[in-house]
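Since the structure of chain A is already known, use the hints to place chains B and C on it.
Below are the chains, spelled out letter by letter.
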Amino acid sequence: MERLITNYYETASIILFGIGFATLLLHSNLIKKIIGMNIMDTSVMLFLIAKGYIQGNVAPIIVDEFKGVSEYVNPIPTSLMLTGIVVAVSTTALALALTIKMYEKYGTIELNEILEKGDE
Amino acid sequence: MRKVIAVLITLGITIILLIGSMDLPQFGIEDTPTNNDVTKYYIENATKETGATNIITGVILDYRAFDTFVESSVLFTSAIVVMIVLKKEKSK
Amino acid sequence: MKDKILNTVVGNLIPFIQIFGIYVILHGHLSPGGGFAGGTIIGVSFILYRIVFGKEFSQKKLKFSVLLRFVTIGVCIYGIMKGYIFISGGNDLHFPQPPLGTPGNIMSGGFLLPLNIIVGTVVAVTMYFFYCLFEEGEI
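Residue numbers (this note's numbering), protein chains in the order written: chain A, 381 to 500; chain B, 4 to 95; chain C, 2 to 140.
It is worth saying that the hints were derived from the structure and are not from the lab.
The hints are all genuine.
In silico lysine-lysine, DSS-like type, Cα no more than 27 Å apart, as pairs:
| id | chain 1 | residue 1 | chain 2 | residue 2 |
| --- | --- | --- | --- | --- |
| 1 | C | Lys-62 | C | Lys-3 |
| 2 | A | Lys-413 | B | Lys-6 |
| 3 | B | Lys-91 | C | Lys-64 |
| 4 | A | Lys-497 | B | Lys-6 |
| 5 | A | Lys-412 | B | Lys-6 |
| 6 | B | Lys-51 | C | Lys-83 |
| 7 | B | Lys-90 | A | Lys-481 |
| 8 | A | Lys-412 | B | Lys-91 |
| 9 | B | Lys-91 | A | Lys-497 |
| 10 | B | Lys-93 | A | Lys-497 |
Looking from chain C toward chain B, a few residues come up when the C-beta cut is under 10 Å (computed):
| id | residue |
| --- | --- |
| 11 | Gly-75 |
| 12 | Thr-103 |
| 13 | Pro-104 |
| 14 | Gly-111 |
| 15 | Phe-112 |
| 16 | Ile-119 |
| 17 | Val-126 |
| 18 | Gly-138 |
Computed from a predicted model, the values in this text were never measured in an experiment.
Each residue gets a CB set at the ideal place from its N, CA and C atoms; glycine is no exception.
Same shape as in the complex, but just chain A:
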């Protein structure tokens, strides 16, 4: 149980994931659902980037001279998350474009009214 308090980055990212998931389910406005999906994306990226930190080391950029192998932070999780950020941006853009088309056809953004209009 103390492990959850000393690893506070991972605990915070899991709580953010839960908040984003609740936002996705509770509201009936389409734009708020897209905001919830964006929060979930960001929390997963925070969890995976926090895996690479080593205490007391510096960032992996060689400034004046090479200091040795065990003096730098792990560079691999950072470079793998650059692709994740780009994929999150693309998903959000496509979801917003589909929302514009739905507004033009039905005239409203609330999901309850769209389901009632589609039943007629």
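Okay, now just chains B and C, sitting in the frame of chain A:
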């Protein structure tokens, strides 16, 4: 009624993930399974083989350049797809 | 009155933003930054130009067909360069490549500089396209 079920499902997923993350190694020590031989090889030989002093640029543009190529194509595809979805119909 | 102040201030500020973005892209292998961050900065300068000066001016300077041609040629050239490195490096054939040089100069590192420029162009043009498409529908 639907809102109560939604909150219960969220709490259930969060508690399962928190129980699963109690066995993670501590945050910041050095002998985790993440820091293995691949990391040591990348930090040692990045300047000699690629010529970059920024190790992260050397990793994403030389050792793992295929991932960056696929990600550029994802950006290009999403721009084209948004252009197709938002096309106006000519009303005659 | 408001139009004159806004046009003068933004017209004198945009070249400095673009020079900073080009600096971040070109020094991508020497200091933090690289293709993605620099591309975002240049794309934001294009969006600012379109917000302040209106639709007709920016469609005269930044045409859609020219930008689309830049992006497609960029992605194709990235694929050709990457295939070239795969074939020559994986079989230990050592085909000619741009010189490695000494670490610390700008012109060093073989294929790192052209790839950074291509990635920066793709990101900047994509961000400008997203803003144009969401403001009003496009052809």
